[in-house]
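**Student:** Given only the sequences and the hints, what does the whole structure look like? Please build it.
Chains as they are written, first to last, in our numbering: chain A, -16 to 507; chain B, 6 to 318; chain C, 645 to 916.
Derived by calculation from the structure, the hints in this document are not laboratory data.
Heads up, some of the hints might be wrong.
Quick list of in silico lysine-lysine cross-link-like pairs, DSBU-like style, CA-CA up to 35 Å [said to hold, decoys possible]:
#1 A:376 / C:814
#2 A:353 / A:376
#3 A:353 / C:814
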Amino acid sequence: MLELDRLGARAGRTTLLSDVSLTIAPGERVAIVGASGSGKSLTGRAMLTLPPSGVTYSGAVRLDGVDLLSLPDAEVATRRAAAVSIIFQEPATALNPVHSIGAQIDETIRLHTRAAAGERAERVLSLLERTGLTAAGVGPERYPHELSGGQRQRVAIAIALALSPRVVVADEATSALDAVTSARILDLLEGLTAANDTALVLITHDLAVARRADRVLVMADGRIAEEGREVLTRPVSAAGRALHDARHITLPPRPAKAARDPVLAVRDVRVERGGRPVVDGVSFTVAPGERLALVGGSGSGKTSLVRGLLGLLPMTGAITLAGSELPAGSPVLRDQAGMVFQDPATSFNPRFSAGRIVAEPLFRTLLSRKARRERAAMSLERVGLGGDAAGRKPHAFSGGQRQRIAIARALVATPRILFADEPVSALDAALRGQMVALFDTLVREDDLALVFVAHDLALVRALADRIIVMEAGRIVEQGTPEEIFRRPRHAATRALVDEARDEPGGDARGDEARQDDEAAAPGG
Amino acid sequence: MRVLTRLAQLAATLFVASLIVFMAMSVLPGDAGLLRLGMNAEPAAVAALRAEMGLDDPLPLRFVAWLGGILTGDFGTSGTYDVSVLGLLAERARVSVPLAVYALVLSVALALPAGIYAAVRRGRFADRAVRGVAEIGLSVPAVWLGLLFIYVFAVYLRWAPAGGFPGWDAGPARALGALTLPAVALAIPQAAILARIVRTALTEAMDEDFVALARAKGRSTAGAVIHHALPNAWAPILTVVGMQFGFLVAGAIVIETVFNLPGLGRLLFQAVAQRDIVLVQGITLVVVATVVIVNALCDVVAVASNPRLRRGP
Amino acid sequence: MRGSAGLGVAAAVLVSIIAAAVASLWWTPFPVDGFDMGNRFAMPTAAHPLGTDHYGRDVVSMLMAGAQTSLAVAAGAVAIGLFVGTPLGLAAASSGRAGRAVLMLGSDIVFAFPALIVAAILSTFRGPGAFNALIAIGIFYIPVFMRLTASSARRVLALDFVDAARLAGKSSARIAAEHVLPVVAPILLTQAATQFAIAILIEAGLSYVGLGAQPPAVSWGRMLAEAQTLISLAPQLAVWPGLAIVVTVLAATALGEGLNRRLDPRFAGRHA
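**Tutor:** Structural data, given as structure tokens:
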């Protein structure tokens, strides 16, 4: 029905896609997976002939035998949304902030049908109903900013399905959502497309999403690297293996240790933002050499907890560091702690060299300039960035290398505790495994306590000794990875665990759990 | 809530601005009496005038009296014309305000389509052409444009007089005719600035996913820009229009001189030359207050155009 | 590619205009303060490439002397805006809610005073002059640079590397100087070039209406005003100063845009 024939794409003289051929049958579910820059999104947008500005397609995109690329744009426009529709990644920008959601759903119907206003309004209401928004109390008069990220993606689904198209392209439609919401949105999308015999194209970097498809294509460097369902279990291409390994991290075994006195103990930590408590009485301890994971959906307060402890947000509560009590927000904890931020793109002053960036935590020490430089170089060496790395500016490094610089900076002042806020979530899946291994090695070598925030449970399971699950600013469950993954007790934990269960043979259990989840929260 | 805050802010701004106007006129070196009567005036006459003008009262008292007068419509009496400043302002505003509005309408009429067209054709020849013309347009002093117009249309072609204003009594057609060349000279640089702002605001909005989604719904590029990018670009456009308004007013005052129009501009320069402090104070206050109020209006409209701000806490 | 060529041309044009203005301090082809009544309204010749004016003065020499006024006033005004506005903007960005509100309200108030109005007030008391024009434009530029600095600095302050510096124990002032200023400096430099161009335009307007440079000082705006009285007699006299202004403004604007593209494109487009 929809056929890409030797599709190519170029921007100026750069080739972005070459020789991409695939066909999609009615009702089929196809996943296109790949790292960023692999060309998967360009392939998805080609199905609607919507190149980003500056990009031109070549080859053919045939819908029922008609080549869309050779049609004038006005002709293609009549088929967009009516025959092929798309859902974009970012719920924050995918909807127009100045129009109500009803108007935005209605627009699609109005552009393609002659239906009267009353009839259109009914169709909008029924779409809101089917996407579970009515049940959540969201009416057509609401504006995007009044909705949560998941609700906005439901609106995007309503728009995409408004005209019952034959193909829906979901371009990383759930990547910006937390695991729980993401699973529910994908379930909804699967259910609604299956009901209409609509084909679904899932574009993603995440094999957990891809396992929902009948057929999986792995893309790398603008080409199809591998095709078939075996990608999920036995990938043959390098790109497929990299994606696979990112979810199956194996670290060297850790010998069981005798219980040690905690290096850090916090009691009844509270953080308020805008008069609302975001961390609401959290207590925990962490011992030297122990790795503690903080997990939870977005808005559960895990990041605010870390920032509060480090004095970046005002907090109340008691902090005991190596047996001695500290006042809240005390600089002493900062001296004993290192921090790795989430986004390597904003973690560094773009005008500083890597050496100067890494040396910054030594600011209050009495070391000479030369000694600081040496310490910084040593720290960079430890994370695998030797040679001339210290003299280069951040933009000269890749995302993965930048996160290594961030780790070097966090460790340079020999802290006792390392904090990390989603340290790998901004990285390509393929790089995550390496980064986790690096954390493992460094924490082991320095006998550090590691407190890390994460929503990627594959990572958590491999790295953590103990997991704390947070929801609405409180701890709802804690335990070892074994306990949490075997017997998740809280609903939030179950949803998180379910998302991570994508190992071969784990599908059946995953499906069961998903049904449980839907029963627990009908329509989200 | 937001509107109330903005109103309070507006009132505070106006109050402090009037305080600055008053202080500038009262504290700057130069004896107001001497300025009026000349350096060779009799000390006794100066003293008498000072007393008459209330210049010997303490400063805060004088400010309160002055501000009270302004609020009740009493801007004082012009020393040189010996008539009420408010009357003079009202009379001259009949030229200046229509001129500024005329120029504003022209510049919007030129800039909006040009900016939208450039944004729709982003990166293509038409876009580069619009940007090139705009760059030249905003590098041309309005004064010089005025001079060129006078030479071409008045001296060379003899289609229009070289300036002057027949008054509204001569009929709106003749009056507007006399304002056309000055308004065009004033509008061209303004339109160039505005077209650039419209293009920038639109292209920024065009990069958002919701514009791509509009295309995916079946809109044409132009349709997506007009229905989706433009409503989101109003806020930044209006904010800059508000900020540009001071330039428009100053430009109008200068262009009045070029075309010899009896507006506030000419009144201001005569008042400066005559050192008529009361009159300078009055004109200054009116101009500054207009700029402040227009800025606030633009802000309010910008907020109203965005539901996120409109309903925000 | 095209951008850097444009940058080079713009810089070259601006440098030669500055050189001409500086040279006019010591030397112009003909004196600009002497009359040569026998040689009025001369058409272009080898000695007077652009002819002479109604007092027989060489137009090229007049333009050189006029450049001196225009450039000095524009540079002085931008310097005031930059050196007063930037620290105030940094202060506004790093201070708390109340402090920022007060500083920004002050900025809004000053911004409501167009340079022309400030020049008129100053001229009422001090008499008109180029220095008044410089001060008037400079005062107007303080809020311009203050707003830009404050908004850019606030964007930078929200980035993670500022938090990293806080964790290292650095003070707000040190963070402003080490982390914020270097990152916003290219933005300010670009803006300085643009505002320099605008100042040339404002100065021309001010001296045209008689609130700027006074005779015997020469300025492009005054040359336009004098040309207007003779427009039917010698229209060419109105052309040269206008062209001088346009070329200078275009060059300064192009320089600003070239700098904008050249200086740290990675940061220019980021909003965090």
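**Student:** Each hint needs a verdict: does it hold in this structure or not?
**Tutor:** Right, here's what the structure says about each hint:
1. Between residue 376 of chain A and residue 814 of chain C the alpha-carbon distance is near 21 Å, which keeps this suggested pair within the 35 Å criterion.
2. Annotation: proposed proximity of residue 353 of chain A to residue 376 of chain A holds, straight-line Cα distance about 19 Å (limit 35 Å).
3. Annotation: proposed proximity of residue 353 of chain A to residue 814 of chain C holds, straight-line Cα distance about 20 Å (limit 35 Å).
Of the numbered hints listed earlier, not one is contradicted by the structure.
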